[in-house]
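K.L.:
In case you want the letters, here they are:
Protein chains: 2
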Amino acid sequence: MKKSTAKKSAQRNAFYAQSGGVTAVINASAAGVIETAARYPKAIGKVYAGRHGIVGALEEDLIDCSKESLTTIAGLRHTPAGAFGSARFKLKGLDKNRAEYERLIEIFKAHNIGYFFYNGGNDSMDTAHKVAQMGETLGYPITCIGVPKTVDNDLPFTDACPGFGSVAKYVAISTLEASLDVASMARTSTKVFVMEVMGRHAGWIAAAGGLAGKGRDAPPHVILFPEIVFDREAFLARVKETVERVGYCVIVVSEGTAYADGRFLADAGTKDAFGHTQLGGVGPLVANMVREAHGYKYHWAVADYLQRAARHIASKVDVEQAYAMGKAAVELAVKGHNAVMPIVVRKSSNPYRWTVGHVALARVANVEKKVPRDFITADGFGITEKCRRYLLPLIGGGDPPPYREGLPVYVKLKGVAVRKKLPPFKV
Amino acid sequence: MKKSTAKKSAQRNAFYAQSGGVTAVINASAAGVIETAARYPKAIGKVYAGRHGIVGALEEDLIDCSKESLTTIAGLRHTPAGAFGSARFKLKGLDKNRAEYERLIEIFKAHNIGYFFYNGGNDSMDTAHKVAQMGETLGYPITCIGVPKTVDNDLPFTDACPGFGSVAKYVAISTLEASLDVASMARTSTKVFVMEVMGRHAGWIAAAGGLAGKGRDAPPHVILFPEIVFDREAFLARVKETVERVGYCVIVVSEGTAYADGRFLADAGTKDAFGHTQLGGVGPLVANMVREAHGYKYHWAVADYLQRAARHIASKVDVEQAYAMGKAAVELAVKGHNAVMPIVVRKSSNPYRWTVGHVALARVANVEKKVPRDFITADGFGITEKCRRYLLPLIGGGDPPPYREGLPVYVKLKGVAVRKKLPPFKV
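Protein chains in written order, with numbering that gives the first Met the number 0: chain A, 0 to 426; chain P, 0 to 426.
Chain A extracted, bound-state conformation:
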């Protein structure tokens, strides 16, 4: 038995992984986990991160975080996207895919892993919950803590999901800036600007576009939410009326905007000459719909990954909450909690005050929090004051990264692999 093990026999290693779509601040949660774990050496040994999320665990492709410098780990706080690699990979139920769970157990045993920190959204909380169940079922003691993350802001219980505040800030500012642009051009040129944003099932990001302006004539003039059935005639009428009154019209459209039968606008679109579904997203589709009906010259933008990776304009509140969730996950684990997820609890909106709570994973898994109806105006095209009061604190403050030669300095891990101990496994 090695000396270090002898000295710290209660100490077990931790596994950390990033899951699903990444955000501008998920690495801040990673920093929170890794830096906090180091403060509990009696309980937690090394932190091993899965390279490409849970796939790294299954393949025994683990990054030894202790080989990274303290500066690199601290730099994760200002580095967007998934520094360890993420994965879109959902473990099936224990009954359907026992082999994967047994493999996870083997990996955990082989590397003395007693903590499982899983940083993701709804699906990932479900996975974390299943790993916790597996621990009980198969008799392997593993403490499972979910670390909330999703730009979509659709996790329940928590005041906001880390990642959302920053994308909300990006979308609000981009909508504001592009609106000034189209207002400048409208007299002789572009009259309609369409901004497509993420949020396939929940319209939180689209709602954030509403922060760009206040009042009937201020942009955005139309927001299309997944929560509101798309009404082509009402939409076109609103655009026309806006252009005639204000001179131009700014539209924020969620990628999840859908018809009454549930078909996404983007999926219900036209085919090209070869029979392929047309290439554009819902942004260009809606813009073209307006042109065909009214003949207005348009521009459209699809921010796509830009919106969720935009660490340069991240919300300070979001960065702090992301870090706090990582930190709280470790603290909950050390205190003996299992199968829980830390959450942000709002104490007041103005000034914004929040604390950290937690909730059982069983209650979070696969539950989607949508934009409530009273956050959306009666006509379905805007946000209410109640929504604005909820959103504004989440985009508060800036936390710019360091810059060199005009560009942000984002850190890159050395990514030293933990020595493999088991035979290969095919994912």
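Warning: the hint list may mix true and false statements.
Identical copies go unnamed one by one, so any copy, or any two together, can satisfy a pair.
What the hints assert, rightly or not - No farther apart than 30 Å at their CA atoms in a straight line, the calculated lysine-lysine pairs in the DSSO-like style are these:
1) Lys239 <-> Lys411
2) Lys296 <-> Lys91
3) Lys413 <-> Lys296
4) Lys315 <-> Lys411
5) Lys385 <-> Lys411
6) Lys385 <-> Lys239
7) Lys239 <-> Lys425
8) Lys239 <-> Lys89
9) Lys413 <-> Lys239
Treat the hints as calculated values from the structure; they're not laboratory data.
With chain A fixed as given, assemble chain P onto it according to the hints.
P.N.:
Frame of chain A; chain P shown alone:
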């Protein structure tokens, strides 16, 4: 005769207008013009701005800048887009449309305008030049100074066009951030990311995407320039080779990318089921081309107005040069120059040092500066060190706007109209 006129008989008013596509810093040039004009009260009276560019002059729709507070004028320095309204409106030649020129003369006479400051790109420098010629031809003394502006960076003689540095910074940072995102996702999901940028005839903005990384494996792996004929096979081979070697591929494509016969890729695209030209731009088109050839999962972004309106991430150098061009325009006018445009003259690249020069409008009008061949790698898919040395100083430094409640505070003009003195004119 009024007292004020009697006291300052040599004093004449100035006309200022914004023209063409707006930028993150064109209002900084406006601030330079207005604040500097105030320093020469013996020569310059009021500054009247055209509402919606030259259209405002023709329609006698003039904004009296003296009615704006000094704080508002100073705030223009950090406010994107065209605060006075811009216009896509090109005056025809004197021989073809004498009525418009005669109308301009009438307006200038009616409002004692002796200075014409026109803030725009190639077309606008042509207009400013024509107004100067008109002054001579019709015997009306008018000092015409162009103020350079264009995100495309395609004006000759000047080291850079105000507006470009900021869009370059935005595109470089956005490409960097989105690249980290796709790198995170590539193992199980998105392998190809396409970023469409502006620049219909010159690839300067696309080149700026190249600042996101350095070296063969660093993103962006492929840049498509208007200056390089699009070669489908070579492009697809490069993408495949990159995904196989690096795991993912980031592509920056200029909207002006074209086939050998000059057709833009975006125009040569497919039709939808109704015979309409497909809705997407060149970004989704290229992404789809890759999917059809190789089957890779892709994402694409079209930043559109977001890139040129992104004052929140403007380059400090760009803001300073924009202001300096407005200031120099007034100083040139006061010194008796006519039919010229101030330019930025680079003295050294590292450290970046520049001064202000000027050039005759006749030499600038309608000349497009493209990306030189030796700024593009031999294979046509990247930028050279020479290009990097040119570009890097232009994105240097930040100049963030003030913020309130998480959003930039951009100024809005009162826009008090000058009393009309002439009958209406139909534009």
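K.L.:
Name the hints, by number, that the structure is in violation of.
P.N.:
The structure conflicts with no hint, since it agrees with every one listed earlier.
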